[in-house]
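> Sequence:
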Amino acid sequence: MTKLSVNINKIATLRNARGGNVPDLLRVAKDIQQFGAQGITIHPRPDERHIRYQDARDLKSIVYTEYNIEGNPEKSFVDLVLEIKPDQVTLVPDAVDAITSNAGWDTLKHKSFLTEMTREFQSHGIRVSIFVDPVVSMVEGAKAIGTDRIELYTESFAHQYGLGNKEAIQPYYEAALVANELGIGINAGHDLSLDNIQFFQQHIPGLLEVSIGHALISEALYLGLDNVVNMYLQKLK
Numbered sequence: 278m279t280k281l282s283v284n285i286n287k288i289a290t291l292r293n294a295r296g297g298n299v300p301d302l303l304r305v306a307k308d309i310q311q312f313g314a315q316g317i318t319i320h321p322r323p324d325e326r327h328i329r330y331q332d333a334r335d336l337k338s339i340v341y342t343e344y345n346i347e348g349n350p351e352k353s354f355v356d357l358v359l360e361i362k363p364d365q366v367t368l369v370p371d372a373v374d375a376i377t378s379n380a381g382w383d384t385l386k387h388k389s390f391l392t393e394m395t396r397e398f399q400s401h402g403i404r405v406s407i408f409v410d411p412v413v414s415m416v417e418g419a420k421a422i423g424t425d426r427i428e429l430y431t432e433s434f435a436h437q438y439g440l441g442n443k444e445a446i447q448p449y450y451e452a453a454l455v456a457n458e459l460g461i462g463i464n465a466g467h468d469l470s471l472d473n474i475q476f477f478q479q480h481i482p483g484l485l486e487v488s489i490g491h492a493l494i495s496e497a498l499y500l501g502l503d504n505v506v507n508m509y510l511q512k513l514k
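Quick note: the sequence shown, position 64, residue 341 per our numbering, numbers continuous.
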């Protein structure tokens, strides 16, 4: 069964919009785990417009499943991750002003930097995942870097699938085959939803984990958080 890690950035966005502590991010993280999710993901950004660095610290004692922190490995982010020591760090090449992640790493161009970062995190017992597009050469580059896992950037698949183009899964399938052959674990995330998650999971061999935030929280507005988490878990079986 593919594990479900819930990205709770949008809960922080809602809290910050009004000030105060409603909704309570820590309570939501507890509830999501009690509802059955196997992990919590956060993506703190330098401007702290949703997840704050203190949230990342506070969640350390709350997350008893798998704690995944993702972000661009700039100094402040690296220092935060090394302080907290989550189960997994996902390296994402997002710009400071990016609304959301919009591309994977060029693992060939940035090999030296990513190798250095990967070794640093691994030396502290933190599993490393690198965010990549579904391109075979990028997967091969990730292997050369020494990462434990890759996270396939699924925006293109989600968009095309929504238009009825199921062939959009093909590059992801091919990338997954290469990752399996090279012995790299596979995660995936970005725009996955109740509409497309089952099809994606069924066509990606060796998919270990999906990280889902925006769609899941949006669906929960209509269907309830407990119900939505369990709907994802059923589709991922």
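Some hints here could point you the wrong way.
Listed next, the in silico DSS-like pairs over lysine-lysine satisfying Cα-Cα at most 25 Å (straight line) [unchecked claim]:
(1) Lys386 x Lys420
(2) Lys280 x Lys388
(3) Lys388 x Lys337
(4) Lys287 x Lys512
Per label pair, the in silico range of CB-to-CB distance [stated by the list, open to error]:
(5) Leu459 x Gln479: 16 to 26 Å
(6) Ser433 x Leu459: 19 to 29 Å
(7) Gly483 x Asn507: 21 to 31 Å
(8) Asp383 x Gly501: 35 to 45 Å
(9) Leu485 x Asn507: 31 to 41 Å
(10) Gly439 x Asn507: 18 to 28 Å
(11) Leu291 x Gln315: 16 to 26 Å
(12) Lys388 x Ala294: 35 to 45 Å
(13) Gly296 x Lys420: 39 to 49 Å
(14) Arg295 x Ala421: 15 to 25 Å
(15) Lys443 x Ser353: 38 to 48 Å
Calculated from the structure, these hints are not laboratory results. Heads up, the beta-carbon is just placed ideally off N, CA and C, and yes, glycines get one too.
> Does each hint fit the structure? Answer for all of them.
A quick look at each hint next to the structure:
no., hint, verdict
1, Lys386 x Lys420, "holds, 14 Å"
2, Lys280 x Lys388, "violated, 28 Å"
3, Lys388 x Lys337, "violated, 30 Å"
4, Lys287 x Lys512, "holds, 22 Å"
5, Leu459 x Gln479: 16 to 26 Å, "holds, 22 Å"
6, Ser433 x Leu459: 19 to 29 Å, "holds, 22 Å"
7, Gly483 x Asn507: 21 to 31 Å, "holds, 24 Å"
8, Asp383 x Gly501: 35 to 45 Å, "holds, 41 Å"
9, Leu485 x Asn507: 31 to 41 Å, "violated, 20 Å"
10, Gly439 x Asn507: 18 to 28 Å, "holds, 23 Å"
11, Leu291 x Gln315: 16 to 26 Å, "holds, 23 Å"
12, Lys388 x Ala294: 35 to 45 Å, "holds, 40 Å"
13, Gly296 x Lys420: 39 to 49 Å, "holds, 46 Å"
14, Arg295 x Ala421: 15 to 25 Å, "violated, 46 Å"
15, Lys443 x Ser353: 38 to 48 Å, "holds, 41 Å"
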